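Line by line, the protein sequences are chains A and B.
According to our numbering, the first sequence holds residues 1 to 290 in order.
According to our numbering, the second sequence holds residues 1 to 432 in order.
Hints listed in this document are in silico derivations from the structure and should not be mistaken for laboratory results.
No experiment lies behind these values; they were computed from the predicted model shown.
One thing to keep in mind: the hints can contain errors.
Claimed, not checked - Okay, the calculated bits of chain A under chain B, using three or more residues with CB under 8 Å as the criterion:
{"hint": "1", "segment": "33 to 43"}
{"hint": "2", "segment": "169 to 183"}
{"hint": "3", "segment": "234 to 248"}
A virtual CB, placed ideally from N, CA and C, is assigned to each residue, including glycine.
Chain by chain, the residues run as shown.
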Amino acid sequence: MIKKKIYLFFIFPALIFVLLLTIYPSIYAIFLSFTNKSLVTPECSLVGFKNYRELFTSSEFWRSLKITLIYVLITIFFQLTLGLFLALITEKSRFGRKLVRTIVLLSWVIPEVIVALTFKWMFIGDKYGLVNTFLHQTGVIRQSIKWLSQGNLTLAVAIGMTVWRGAAFSMIMQAAGLQSVPDVLYEAAEIDGANYFQKLYRITLPLISSTILINLIIITIATFNVMSLVYAFSGGGPFRTTEIISIYMYKAAFKFFRFGFASSISIVMFFLNIIFAATYIKITKKEFIA
Amino acid sequence: MAKKVVLVFLFLCLSSLIAFSGGQKEQKKVVTGEKVVLTVWADSFFTPKWQGRQGPVLDAIWRDFEAKENVKLELQLVPYPDFQAKLLTALAAGNPPDLAIADQYWLASMAKTGGVQEIGEYWPEEERKDFFDWSVEGVTVNGKTYGIWYTTDARVLYYRKDILKKDGFIEPPKTWDELYNYAKKMTYGDQYGMGMVLTGEGGMCTLLIDYWSLGGELVDSQGKPAFNSGKNRDALIKVMDFDKILYDEKLIPGDSVTYLSENDMNPRIFAGGYAMFFGGGWQIGNIQDNMLPKEAAQWDIVIRPLPPGGKLTSLAGGFDLNVFTSDPVKKDKAVKFIRHLSNPVNGAKFAAASRGLPVRKSTYQTDSFFSTDPYMIKYGEVLPFAGTRPNSIIYPIISDSVMKALGEYLSGEKSAEQAIADAEKRVLTQME
């Protein structure tokens, strides 16, 4: 009997960590979202749904949410497809596969702030930006592009930067999935006269659908919660056109120290993450598994 | 049996967790004569750990104090971006350091927690008189003195003498009209006539100088937002209008709206992309460190050009020395330490090495560097006209909202009046 229950002994430390570091803070955040807790004022009292009312009636919140959705949807589309593309081409090229994957993976290991500052100085307007200099010298443009002073362009660069950084992770995930597909299926398909795209659509994608699903969930949640990358890149500007919801929450918590209000934003983000994950599971199951 | 084993194990783990977590640490009283250990929180820039000029200077100053006062200074480096949140969290938890070197405009929030110590009685009146008036007001909240201002800067207009001369200007601009005309004439090729920050706290510091110059106030005597009423609103609209003209006519770079601090202009400054810019006192050091001496010498400074009907003014930012320990022996040593750091000799040594500006008036007359360096002489002339951001806990909210209003106006999203009215609504909502 003791032997059977001994697993409890082994999971106990992990359980304690999860309880203390995940469950307790989550419950505490829910509690805080119903208070006026601030680091600046010692008084703290329950305020009911006041924070949520302020949040849902704030045009800034809806604007941040809209920007976030645009940012997340475009990023995950390109991150996933680029990751899959990279995984497929590196899978096929036997020569230097490890080298290529290692090089691509470098973008993932560079700290976010360094990536952000590098992109910032690459895309700075006029001749001092690397990108503009290159475009000038190759004759593509005559007038410098103001990458960082026009909202849509800045958001596009922020998306490009996030895709560049995250595609490597996506590639590794998909590559792991590709390795699990038995070669015999491709050989049989070839005998039946299937071309590359038929093999991709009929064999590869269905067989790696679970990997795609996991990848989608991970990168959606990761992208939705991105903060430091965009904050260090643009600070949410110009004119708040890149102020994604995590930056909005960060400012509420660590600039204005309104922990109660910031917690209400985090709870909304939490539920949105759950909705994203549930939707993906449903869609992907229909597409590939059913 | 198995259940019992698991339950016993659970009980042991939980009781050990409770035993080790404890509550707030009860601080041991320090007895006079014992070696006193003082914990100091600071960004590395203000400490002997800094890998630049001021590191060795501060090391000697700190070691000298330790030896003289039988004190051990235990330094904890806290990076600037996390500093305020970490300090406020520590204050809320009742576990702050014994003293800290903190940004001046955080003082109101620290004072509100009740954790920062009043040090007025330890700071002799004679010594206080040597500090610029604004620097004493800047460490005072509700009539109580909560620290000593350590180092400062002043926002001025930087201009390139060679470009002005080439374009036919003999003297730097003194008024907004002149500034506009100069900027227009000197914007050509890859060069912008002006540089300025239009967002974040750096943008607010830039805006405040003109706003104050026109007599604007951010908060009233009750501590409530006042920027959307009467002459204050008129002043704010005038400043926003002037910024919009410079922005719309592309006399400043479009990406100025993404700069969060004056330092973000540095790459373009070093590359020769500006003829003039609104900058901070520390930037002359940046220029001298990063440009060839011949090119760096072309930069000069002057007090900010005046709007019509405006008065001379500047903005002084900087860092305070604040004491948090309430233990009488420690507090005594902590105050001695902050007076040691800010005494005329040590304050001047640190300011000279770190490219900051001293807050003691006498330094600009007596110190060999600050009384002879041409830039420092000019800063010494500007500083008496400086002002500081209000010591109000709603200042950060006002700053963010006003900068948002400026952005909405510059982008054409709203009229200046509407943007300011909405900014006030945002502040009032967050104050509730």
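Honestly, which of those hints from before does the structure not fit? Hint 2 is the one this structure does not satisfy, whereas the remaining hints hold.
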